[in-house]
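Colleague: Letter by letter, the chains look like this.
There are 2 protein chains.
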Amino acid sequence: MLNYIHSIPTQVFFGKGQISHLTGILGAYGKRVLLTYGGGSVKRIGLYDEVMKLLHDGGFEVTELSGIEPNPRIQSVEKGVLLCRQNRIDVILAVGGGSTIDCSKAIAAGVYYEGSDLWEMVRNARSLQKALPLVDILTLSATGSEYDSGAVITNLDTHEKLGRTFTYPAASICDPTYTFSVSAYQTAAGSADIMSHIFEGYFSETQDSCLSDGIAETVLKTVIRYCPIAIAKPDNYEARANLMSASSIACSGIPEYGKQRTGWPCHAMEHELSAYYDITHGVGLAILTPRWMRFILRKNPACAWRFAMLGRNVLGLTGEDEAGMAEQVVSAIENFFHTVGLPSSLRELKIGSEHFAEMAVHANQNERLSHAFVPLTTDDLTAIYHDCL
Amino acid sequence: MLNYIHSIPTQVFFGKGQISHLTGILGAYGKRVLLTYGGGSVKRIGLYDEVMKLLHDGGFEVTELSGIEPNPRIQSVEKGVLLCRQNRIDVILAVGGGSTIDCSKAIAAGVYYEGSDLWEMVRNARSLQKALPLVDILTLSATGSEYDSGAVITNLDTHEKLGRTFTYPAASICDPTYTFSVSAYQTAAGSADIMSHIFEGYFSETQDSCLSDGIAETVLKTVIRYCPIAIAKPDNYEARANLMSASSIACSGIPEYGKQRTGWPCHAMEHELSAYYDITHGVGLAILTPRWMRFILRKNPACAWRFAMLGRNVLGLTGEDEAGMAEQVVSAIENFFHTVGLPSSLRELKIGSEHFAEMAVHANQNERLSHAFVPLTTDDLTAIYHDCL
Chain A
75 MLNYIHSIPT QVFFGKGQIS HLTGILGAYG KRVLLTYGGG SVKRIGLYDE
125 VMKLLHDGGF EVTELSGIEP NPRIQSVEKG VLLCRQNRID VILAVGGGST
175 IDCSKAIAAG VYYEGSDLWE MVRNARSLQK ALPLVDILTL SATGSEYDSG
225 AVITNLDTHE KLGRTFTYPA ASICDPTYTF SVSAYQTAAG SADIMSHIFE
275 GYFSETQDSC LSDGIAETVL KTVIRYCPIA IAKPDNYEAR ANLMSASSIA
325 CSGIPEYGKQ RTGWPCHAME HELSAYYDIT HGVGLAILTP RWMRFILRKN
375 PACAWRFAML GRNVLGLTGE DEAGMAEQVV SAIENFFHTV GLPSSLRELK
425 IGSEHFAEMA VHANQNERLS HAFVPLTTDD LTAIYHDCL
Chain B
75 MLNYIHSIPT QVFFGKGQIS HLTGILGAYG KRVLLTYGGG SVKRIGLYDE
125 VMKLLHDGGF EVTELSGIEP NPRIQSVEKG VLLCRQNRID VILAVGGGST
175 IDCSKAIAAG VYYEGSDLWE MVRNARSLQK ALPLVDILTL SATGSEYDSG
225 AVITNLDTHE KLGRTFTYPA ASICDPTYTF SVSAYQTAAG SADIMSHIFE
275 GYFSETQDSC LSDGIAETVL KTVIRYCPIA IAKPDNYEAR ANLMSASSIA
325 CSGIPEYGKQ RTGWPCHAME HELSAYYDIT HGVGLAILTP RWMRFILRKN
375 PACAWRFAML GRNVLGLTGE DEAGMAEQVV SAIENFFHTV GLPSSLRELK
425 IGSEHFAEMA VHANQNERLS HAFVPLTTDD LTAIYHDCL
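Chains as they are written, first to last, in this note's numbering: chain A, 75 to 463; chain B, 75 to 463.
In case anyone wonders, no lab produced these hints; they're calculated from the structure. Heads up, a few of these hints could be off.
No copy is singled out in the list; a pair is fine if it fits within one copy or between any two copies.
Said to hold, decoys possible - EDC-like mimics (lysine to aspartate or glutamate), calculated; alpha carbons at most 16 Å apart, straight line: (1) K373 <-> D395; (2) K307 <-> E432; (3) K117 <-> E422; (4) K153 <-> E138; (5) K373 <-> D309; (6) K295 <-> D282; (7) K117 <-> D352; (8) K373 <-> E401; (9) K307 <-> E143.
One chain only, chain A, in its complex shape (with noise of 0.2 Å):
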């Protein structure tokens, strides 16, 4: 195991009809409240009215943003600022999924910038220091956001993706029930999020991680378990609870103490498809992740212990044949991923190799791929996006 230092501040409260606490929580840091939310769904279940009514009754003082993008963008975190300090806001209260609190992060840390141009904020986020304190609502599992202080911003001007870390929700509110209207493709696509949170980490050259390595594999089950009773009954609470603690938990640090970094090389990949095409991020993850798999197989045939290490303590495969195992744990995920009706190839999505080249220029200056698990170079990457066509 690899040293590590961590802490998680961020104070979790889940479970149904824990919204209760949504006035205590925010009163604590004053009475001036940001609102962050995305599109309709928030209103659609009746949440944003929900809210509304609390906030009202307790007397806060609410400023608006809405319309945060599912890939929320540098225009956005910067009409949050402006919000922030024209109304001296207190506390910001996310409500939705991972975009939103992204955003929300970035807005945090933003009102404290003193430069001009917070798209340069994005970029050297390590050195932010001090951030507006954060209140989620969770509505959608998926990006683990509630419980990191990671956020992904996108400028679509210049095709830029990046994730930066920023600030730890004070607190999020995580009821399982606000996920029922949550659609099959979403759930879908949240669910191969929360695997590819845990392949990021768990394919490593680290060996002596049992602990780490447990906690993964236990998320991947309880992803693979419970993503498909969610999609076939909406409103299962054991499936959508199982899935939301899944997703925090993916993203606690936790499946990689003591692990080596790999740079995240799937979402490396990913924020570029994103950037460039704004597609569903769970979606390209789902697109990449069998593909990365079958080309670091290929190149370091060596790396298969890994495979066979998933497919015996996730998947029950046995035997002695490692690079067979390999392949069948390539064949279960890419299947998996099918039978929840995620697309399998680019072209479902209308998107070309033009652009495959320089996104990989790009996914390499973003994250260090040379200390991938397999390392990979520039064209490594370029020869993945084409695999995914």
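Model the placement of chain B on the given structure of chain A, informed by the hints.
Modeller: Okay, now just chain B, sitting in the frame of chain A:
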């Protein structure tokens, strides 16, 4: 899954050499440090000298409280509180295992306690709001005190040993090399303690806690794998690191996310053994656990499903006969404790039955064992103690 509210504010510095962060961590709180430790082991391994040199070079004013007992006494808490007040201590630095950290938690809270009787504070610890910052350097993988807010304090005069929540460590330095010198016996006892922390929450009526159960099973598998290695090769870093990480995760609350609160029956019973006979906590747990398991299987054979689940997922048992598998599970656990060198009866510790009846009354007063996985009466507890002879 049941509702829960949870956060873990402790910052963990895990791995070899993390003591390099010590003065930076302490310095954030002030210069006046109460250094707490137990007997000779921190001096024997050179850690005391290393810490004192760092504190001296860093310009800290150090007050010492040494001799903290394996089952820390209220008298040590009283001494520590007095020293903190007399020396206007800014931060407590606990160097040792769970007992030293536990005692230091009670001291940290006791400094702000306005009453005159610190045992009353322990009894009513739930009402405590404030504590001095506490930093620890862990030297034993066992209690998980480095990653939770709990502490167990003993009053030998009244034969009471009470587990209460006081405060989380602000930071825990978890360097597995500090456990290289832990004896085989204490390594085994610490491992039994970690396993018991898992058993206490795992054996629960909650049936839809797939994620938490999987994490619990992972901790068990980790301890079962690495405890014998650490005993055979005391300086095996992989084994010591996985045990230390398992110790923290076992008590993190995460393995119990969404699960019924069970009252932790074996801990309730063991605290009485320690309060009356001052035995090693993990040894008491290793004796009690298989007897408690057999008792609840007799009392409510329908609870065998949970044992079978453990058998399948941790021990790799197969088959459909859940009652038979439950028996196999208990024997396997009993055998594991025996194999790693732990006593298997109270007689071996020269403990007779003379106090069983009153111990059972106390145990049932201190925890709500009528809400346990299989509810237990005072007579049941007495019977379990007798089974341990």
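Colleague: Please go over all the hints and tell whether each is borne out by the structure.
Modeller: Now for the hints, and whether the structure bears them out:
1. In the homo-oligomer, the alpha carbons of K373 and D395 never lie at most 16 Å apart, since the shortest distance is 18 Å inside one protomer and 46 Å across protomers.
2. When the C-alpha separation of K307 and E432 is checked against a cutoff of 16 Å, the pair qualifies neither within a copy, at 42 Å, nor between copies, at 52 Å.
3. Taking the shortest alpha-carbon separations for K117 and E422, neither the intra-copy value of 31 Å nor the inter-copy value of 67 Å comes in at or below 16 Å.
4. When the C-alpha separation of K153 and E138 is checked against a cutoff of 16 Å, the pair qualifies only within one copy, where the shortest distance is 11 Å, while the shortest distance between copies is 54 Å.
5. Taking the shortest Cα distances, K373 and D309 never come within 16 Å of each other, neither inside one copy (43 Å) nor across copies (36 Å).
6. When the C-alpha separation of K295 and D282 is checked against a cutoff of 16 Å, the pair qualifies only between copies, where the shortest distance is 14 Å, while the shortest distance within a copy is 21 Å.
7. Proximity of K117 and D352 under a CA criterion of 16 Å is satisfied in neither setting, with 23 Å inside one chain copy and 60 Å between copies.
8. For the homomeric pair K373 and E401, the shortest alpha-carbon distance inside one copy (14 Å) is at most 16 Å, but the shortest distance between copies (48 Å) is not.
9. Taking identical chains as interchangeable, the C-alpha atoms of K307 and E143 are never at most 16 Å apart, the minima being 27 Å within one chain and 55 Å between chains.
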